[in-house]
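Chemist: All chains should be modelled from the sequences, with the hints used to inform the complete structure.
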Amino acid sequence: IQMTQSPSSLSTFVGDRVTITCQASQDIRHYLNWYQQKPGKAPKVLIYNASNLETGVPSRFSGSGSGTDFTFTISNLQPEDIATYYCQKSDNPMYTFGQGTKLEIK
Amino acid sequence: EVQLEQSGAEVRKPGESLKISCKTSGFKFNNYWIAWVRQQPGKGLEWMGIIYPSDSYTTYNPSFQGQVTISADKSTSTAFLQWSSLRASDTALYYCARRIYFDDVNGNLVDFFDIWGQGTMVTVSS
Numbered sequence: 007i008q009m010t011q012s013p014s015s016l017s018t019f020v021g022d023r024v025t026i027t028c029q030a031s032q033d034i035r036h037y038l039n040w041y042q043q044k045p046g047k048a049p050k051v052l053i054y055n056a057s058n059l060e061t062g063v064p065s066r067f068s069g070s071g072s073g074t075d076f077t078f079t080i081s082n083l084q085p086e087d088i089a090t091y092y093c094q095k096s097d098n099p100m101y102t103f104g105q106g107t108k109l110e111i112k
Numbered sequence: 728e729v730q731l732e733q734s735g736a737e738v739r740k741p742g743e744s745l746k747i748s749c750k751t752s753g754f755k756f757n758n759y760w761i762a763w764v765r766q767q768p769g770k771g772l773e774w775m776g777i778i779y780p781s782d783s784y785t786t787y788n789p790s791f792q793g794q795v796t797i798s799a800d801k802s803t804s805t806a807f808l809q810w811s812s813l814r815a816s817d818t819a820l821y822y823c824a825r826r827i828y829f830d831d832v833n834g835n836l837v838d839f840f841d842i843w844g845q846g847t848m849v850t851v852s853s
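First to last, the protein sequences are chains D and A.
Under my numbering, the first residue of the first sequence carries the number 7, and numbering increases by one thereafter.
Under my numbering, the first residue of the second sequence carries the number 728, and numbering increases by one thereafter.
Because the hints were derived from the structure by calculation, they are not lab data.
Computed from a prediction, not measured in an experiment: that's the story for all the values here.
Where a beta carbon is used, it is the ideal one built from N, C-alpha and C, also for glycine.
There is no bait here: all hints are sound.
Simulated restraints on C-beta separations:
id	chain 1	residue 1	chain 2	residue 2	range
1	A	K755	D	K47	21 to 31 Å
2	D	T79	A	S811	38 to 48 Å
3	D	I111	A	Q792	32 to 42 Å
4	A	Y784	D	G21	42 to 52 Å
Modeler: Listed below in structure tokens is the structure:
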């Protein structure tokens, strides 16, 4: 199963709403996670099972979707949200990641 | 505190062997799967494989099958990633990560990598 993430990069303003999409080549039901990787750091999970916010993650992050089409949203973008975001499928046993979306602030 | 502490950066020549480690603490090593993830310079994340230390059952991404070996030592709560013959294309940052999975309140399986090591940089150059 291939994971196609878009866009590959995004330049936007503080306070904006940001949307990233991830498409699976086959139905993965709700088995889709979203990670944030800040420069020089290990990834960190933000959303699991498509729409569930991991404990401690700010509520401006959200996810939706099922089957093959998924969306990740940051509402009210903050400067500390500068990072690369990855989707990951988790329907065992392959944990394929999307290509990543690099977020920059204008 | 739950931690995954990875071994330090390595520099090797093509054709050489290498084994890097991921020492865990703060949880029952035998009860959790440990995954390895590659990140080549300036590139994205690639899942390489995963091991269940209790019985050393291992699953590999087909792209890495036969290229690397994942193992675990229960006595030291440490997972390993090794190469028998490195290539320049193996130059990358390698992360280990703990897989967590459980049923949520609705009976849906939850499955993701919740704790990550700090990464081990491997440089292969002649």
